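Residue numbers (this note's numbering), protein chains in the order written: chain A, 102 to 611; chain B, 20 to 300.
No lab work stands behind these hints: they were computed from the structure.
Treat each hint with caution, since some may be false.
Between beta-carbon pairs, the in silico distance windows are [stated by the list, open to error]:
| # | chain 1 | residue 1 | chain 2 | residue 2 | range |
| --- | --- | --- | --- | --- | --- |
| 1 | A | R475 | B | R188 | 48 to 58 Å |
| 2 | A | P518 | B | D102 | 21 to 31 Å |
| 3 | B | V22 | A | D430 | 16 to 26 Å |
| 4 | A | H502 | B | A118 | 46 to 56 Å |
| 5 | B | S130 | A | P323 | 48 to 58 Å |
Stretches of chain A that chain B covers, calculated by requiring three or more beta carbons in the stretch to come under 8 Å of a beta carbon on chain B [what the hints assert, rightly or not]:
| # | stretch |
| --- | --- |
| 6 | 116-128 |
| 7 | 250-263 |
| 8 | 295-302 |
| 9 | 365-377 |
| 10 | 418-426 |
| 11 | 431-437 |
| 12 | 605-611 |
Nothing here was measured: the structure is a model prediction, and the numbers come from that model.
We put the beta carbon where it would ideally sit given N, CA and C, even for glycine.
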Amino acid sequence: MTAAAEYELAGSVTSLRDRVTGHIEAGGRLADLFGTVHEAGLLITAQLAGPDGITTVDVILPAGQASYPAVTPVAGSAFWYEREIHDMFGVVPEGHPRLEPLLRPASGPGLPLPGGDGAPGRIDPDPRLLPSHAVGPGLFTIPHGPVRSGVTESIEYLVETPGEDIAHLNMRLFYKHRGIEARYAGMRPADAVLLAERTEGVASVAHAIAFCQAVEQISGTPVPWRAALIRTLHAELERLACHLDVVVRLADGAGLAVATARFGWHKEQVLRLTGQICGSRFGRGVVTPGGVTAAPQLDPAGILAALRQLERQLSADLKLLMGTASFLDRLRRTGPFPPARAAEHGALGPVGRASGIVDDARQSRPYAAYGSLRTTVSSRDEGDALARLEVRVDEIAGAFHLLRQAADELSEADSGPLHADRTGADFTGADFTGADFTGADGRAVSWAEAPQGEVLYDVRIESGRITRCRSRSASFHNLVLMHEVFAGDILTDFPFIEASFGLSVAGAAR
Amino acid sequence: MWVLRGLRDGVLTTKWPARPDEYAASTRGPATVLGGPDVLTSGQPAVAGLCPAGAISVDQRGQARVDQGRCILCGRCVQLRPDVFGWSSGPGGATLTRAGLVVPPEENPQSLAAVAAALRARTRALRRSVHLRHVDAGSDGSEEWEILALLNPVYDIHRLGMFFTASPRHADVLLVTGAGAHGMAGPLRETYEAMPDPKVVVAVGSDAVGGGLISPSYATSGGVGDLVPVEVWLPGSPPSPFAIMSALLLALGRLPAAPGSQAAAGPSQAPAGKRTAGGRR
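Build out the structure end to end from the sequences listed, making use of the hints.
Printed below as a string of structure tokens:
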């Protein structure tokens, strides 16, 4: 599926900047930028996405050299990526506008080395340091987090404000950085998929699919059609649950008690249906390298019946919600993100699609069963919180449409294999715990469209063990955009804007 | 009209724990060892290397044990050795000691009963107005969803006299999720210290109990047990809302002994007294 991806060692690190800017000027986007410890120094990899797929550019920062010309001044979307490289490897991107700690404070003993074999030291951030960006009379900083009101994930928003307007917003993710990428090193693919599921817990299925596709590409394993359908089924159920979660949070923010309760109930029903099908309310333990672990515990007719009932109840409530003027007024023109900036940054998922980007990996770079099913892409040009909600409402309808198609196809493919039989290798039927990938060697890039947007995996395997697994979630790529959507908005708009982005801190901080 | 819409589907709320709940009974808990204390573990594939999270151990006698605090519910052991392992089910799984999560148990039931009695004596004053505070110490985000689900009309824990509060100063119970990220050690400690006595800490999910698959890692502590004094240990990846509810009732000594529920079978989970938890307040 990543036939268009090409690997090259473009040599000198100075060429990186030109490659990235050239690509963005030609209408592409920077999809990822990260480092890997390499025998010759630090390997810096840029994933450049365009209409033809994803191109991988690898450059080497020679050992002993501690800086390189930053990409950020010419391509703003590299802003957080270069801070991450600085946090993780101590390398300085020269000319970067603000090298503050993002995922890991740069001080302290021992730097973590994802992909390397050195044992990283522990990290202890100093939360009392408050960097401030905006300066002026009466401006002060409200440190909002990491322990916030309500049941939320830990993140710190540093709100710089003269009292009501939000002059500037800063984010610090390091509170819940878990070192996931370093944890992959040495794992077997069949174990590592369980870690991929826990990278961004609310998008477990999308992460598992992207990871497994990379492993399957490396080992040359074809996924059976029935397994592709089951993957698609769970991916769309996950989309329903995530989008409904956003609706619940928006309704809760607006104080619509009945709507909050109703959509909370709908979300619970989606999770229960997922649990009924596979045993896990989050679709975990289903996707595995080579296929899926088990057939759905509910037959396709049962799934279709449950979907019909759910869609009837849900669409009536959605219709009412999208006609509730007091609710829509809170969202309209709140947190606007202009289409020009979205294109420049390569904004992903519903955030990008609400700002005029017509791109959905399910349609433009199809995987699993999406290539054979009818997928629609919804987009808006307004770029405000309302547009982001409208895109999600469209995608809820689209998810039901895809779920029905997948269930219909499943009833026809009822007796097909669930897992690739790698005859010839030491594959032992039911035991897919990794024995069948012992010989795998290589590297692949793969993706899936999570509810939050595209997740991108770059997996390297040597003799059946993972040496490096880069997992870039849409949450990381999009969260940085919260910096710039507060034009004219005040503190009370904050919950709406945060909810309308619908991102996961776990996926961003990893 | 939203008011009328709220009446459309009648009462959706479960009556658990006063009445049994069909869904609660069917929810999946961590893996468990089948067939009593002396299951033979010979045969293929070997039992010892099955678990990717290191939850399975085999002692010298060939006795297999599952540390449910490390179980991430991937189901591999159940799928590959259904003769030895099975799923636990029903709302339960929480225990009052870390060692109590190992099945079959090694611990002396007498000491468990003493722990339970001491906790119950301390939390008795909280009665039916219990305020909960949650802190995420490096979760994957799914535990937060399951805790928030307690507020939806299906679970509605307000009926049990439990409420979420923003301020730790008003909180009686601290729910901690996540593998104990170093970055959260300080904020978690401060939150705990800001809470008035008596207070109870619940570790929610296998990541919080033992670090799950995330540990060992340069950035996490392998669970939150070293960061705050945990008194209720709830495994699960993530634990279901029913399991979280039952852990809360266990913390307050209000969990009725439910037949058929794994966790409620021990002597530690005896009802607090004549007043059992239910709709009455």
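Going through the hints against the structure:
1. Separated by about 55 Å at the C-beta atoms, A/R475 and B/R188 satisfy the suggested range of 48 to 58 Å.
2. Our hint of 21 to 31 Å for A/P518 and B/D102 holds, since their Cβ atoms are close to 25 Å apart.
3. At about 20 Å, the beta-carbon gap between B/V22 and A/D430 stays in the expected band of 16 to 26 Å.
4. Checked against the hint of 46 to 56 Å, the C-beta distance between A/H502 and B/A118 comes to roughly 51 Å, which is consistent with it.
5. Checking the proposed 48 to 58 Å range against B/S130 and A/P323 shows it holds: the Cβ atoms sit about 55 Å from each other.
6. Coverage of a stretch by a chain is defined here by at least three residues with a beta carbon nearer than 8 Å to that chain's beta carbons; for the stretch 116-128 of chain A and chain B the count is 0, and the condition is violated.
7. Counting residues of the stretch 250-263 of chain A whose C-beta sits closer than 8 Å to any C-beta of chain B gives 6, which meets the bar of three, so the coverage hint holds.
8. Closer than 8 Å: that is the beta-carbon criterion, and the stretch 295-302 of chain A has 6 residues meeting it against chain B, so the requirement of 3 holds.
9. Under a criterion of three residues with beta carbons nearer than 8 Å to beta carbons of chain B, the stated coverage of the stretch 365-377 of chain A is upheld, 7 such residues being counted.
10. Coverage of the stretch 418-426 of chain A by chain B holds. Counting CB-CB distances below 8 Å, 3 residues qualify, and the rule asks for three or more.
11. For the stretch 431-437 of chain A, the proposed coverage by chain B is not satisfied: 0 residues have a C-beta within less than 8 Å of a C-beta in that chain, short of the threshold of three.
12. Here's how the stretch 605-611 of chain A fares: 4 of its residues keep a CB closer than 8 Å to some CB of chain B, so the rule of at least three is met and the hint holds.
Hint violations for this structure: numbers 6, 11, all remaining hints satisfied.
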